[in-house]
Amino acid sequence: MSVLKRISAIRKRKSKQPEDEDTAEASNDEPTAGTSSSPSSSDRSGKPVGVDFIPPLELESEMPTFFTMGLLAKECLIRGYEIGIWHIECTSKSDNFNTYSIGEAHPDLSHVSGGIGIREKFGAFNLTQAWQTNGYLGMIGASTEALEANIYSVFKGFYGPHGNGAIKVDLLAGYERAPLKSEVIVPVLHSPKFMGYLLLQPADHFLFGGRLTVDVEQRKVDTHALCVGYLDDTTEYMLKLENFKNVRGSVFHRLNDRFALALKANLFGDNMKTFTVGGQFQVDEQTLLKAKISNNCQAGIVCQMKVTDQVEGIYYFGFDGKSPIGGEHKVGISWSFKA
Numbered sequence: 001m002s003v004l005k006r007i008s009a010i011r012k013r014k015s016k017q018p019e020d021e022d023t024a025e026a027s028n029d030e031p032t033a034g035t036s037s038s039p040s041s042s043d044r045s046g047k048p049v050g051v052d053f054i055p056p057l058e059l060e061s062e063m064p065t066f067f068t069m070g071l072l073a074k075e076c077l078i079r080g081y082e083i084g085i086w087h088i089e090c091t092s093k094s095d096n097f098n099t100y101s102i103g104e105a106h107p108d109l110s111h112v113s114g115g116i117g118i119r120e121k122f123g124a125f126n127l128t129q130a131w132q133t134n135g136y137l138g139m140i141g142a143s144t145e146a147l148e149a150n151i152y153s154v155f156k157g158f159y160g161p162h163g164n165g166a167i168k169v170d171l172l173a174g175y176e177r178a179p180l181k182s183e184v185i186v187p188v189l190h191s192p193k194f195m196g197y198l199l200l201q202p203a204d205h206f207l208f209g210g211r212l213t214v215d216v217e218q219r220k221v222d223t224h225a226l227c228v229g230y231l232d233d234t235t236e237y238m239l240k241l242e243n244f245k246n247v248r249g250s251v252f253h254r255l256n257d258r259f260a261l262a263l264k265a266n267l268f269g270d271n272m273k274t275f276t277v278g279g280q281f282q283v284d285e286q287t288l289l290k291a292k293i294s295n296n297c298q299a300g301i302v303c304q305m306k307v308t309d310q311v312e313g314i315y316y317f318g319f320d321g322k323s324p325i326g327g328e329h330k331v332g333i334s335w336s337f338k339a
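Numbering-wise (UniProt numbering), the sequence shown opens with residue 1 and increments by one.
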């Protein structure tokens, strides 16, 4: 298995997505077929929003996605730091029937959200229904192979409880045939944005991609980005140009089998002084310690424990680096169970 295929497999772990600039991009704009990452259930103001915790399709993808670029740096500097007071999720899978459940208090105990869901497979088709604290989610998906390419599509509908709000329907469609991959989200009903990306993998260690978000109602381009990534056994580089004015990048480097360092920074354009630097230490096969600090002196420590292949726990402690004792402190606990 190539290095890029191994890093792509990281995205298939069921984990929370962080709430930084990269995360908002991934959780809000990313077509997520074949992945099981879930957006945060709270926005920056702490108001509970959707907990989209079920992947549209379970796919054995041969290629990574546009959002795989820079993933090791995100895993080091973001994953685990974004959890609230508590977070728990449970997944049970059989050949044709899966169940999902999730609950969390984010960012504090007064904002609790969650949901339960089921998926059943009928040949090439998947039917999904989820009940969430802020509404209901239904999906109908299908995947097939044609002309040596993987082709898949998902109709996704979301509607509020007790008839509140209009039903929103999107169509997710994807095409994959090495070295090309593309995914798009097309608005069908009461959904304002068209989103998609095109990815090229010309060689084993290199990725090139472009992403576009269009506000259909306003008839304007919200975001466009070009990205290049490189990954080998020890080092990962990512460089992204957004809207032809902002340049962001990240570096992840393994010093040895246990130690690694990472950096994410805005290199040009808005918020040029924004950066985060950190590192990680592999204590043993089950335990990973991470630490980071940002330009605003917000610091944090994370302990990830993989008890078994089906059970994983994360503990988080955050503090103000300017005032470690008297400043604000944050704690979080997350557990994931799979069967």
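In case anyone wonders, no lab produced these hints; they're calculated from the structure.
Treat the hints with caution; some may be incorrect.
Listed below are the simulated DSS-like cross-link pairs for lysine-lysine, each with C-alpha atoms no more than 30 Å apart in a straight line [stated by the list, open to error]:
| hint | residue 1 | residue 2 |
| --- | --- | --- |
| 1 | K220 | K168 |
| 2 | K220 | K245 |
| 3 | K306 | K273 |
Quick list of simulated restraints, FRET-style, between CB atoms [claimed, not checked]:
| hint | residue 1 | residue 2 | range |
| --- | --- | --- | --- |
| 4 | I116 | F244 | 28 to 34 Å |
| 5 | W131 | H329 | 31 to 37 Å |
| 6 | F281 | V228 | 25 to 31 Å |
| 7 | F244 | P192 | 44 to 50 Å |
Ideal Cβ positions, reconstructed from N, Cα and C, are used throughout, including at glycine.
Hints, verified against the model:
Between the alpha carbons of K220 and K168 the distance comes to roughly 20 Å, so the proposed pair stays at or under 30 Å and holds. Taking the CA atoms of K220 and K245, the gap is about 17 Å. The hint holds against a cut of 30 Å. With a CA separation close to 35 Å, the supplied pair K306 and K273 exceeds the 30 Å bound. Taken as a hint, the range 28 to 34 Å is violated for the pair I116 and F244, whose Cβ atoms sit roughly 44 Å apart.
The beta-carbon spacing between W131 and H329, approximately 34 Å, falls within the hinted interval of 31 to 37 Å. Taking 25 to 31 Å as the suggested C-beta distance range, the pair F281 and V228 conforms, at roughly 29 Å. The hint said 44 to 50 Å for the Cβ distance between F244 and P192, and at roughly 23 Å that hint is violated.
Of the numbered hints given earlier, the model fails hints 3, 4 and 7; all others are met.
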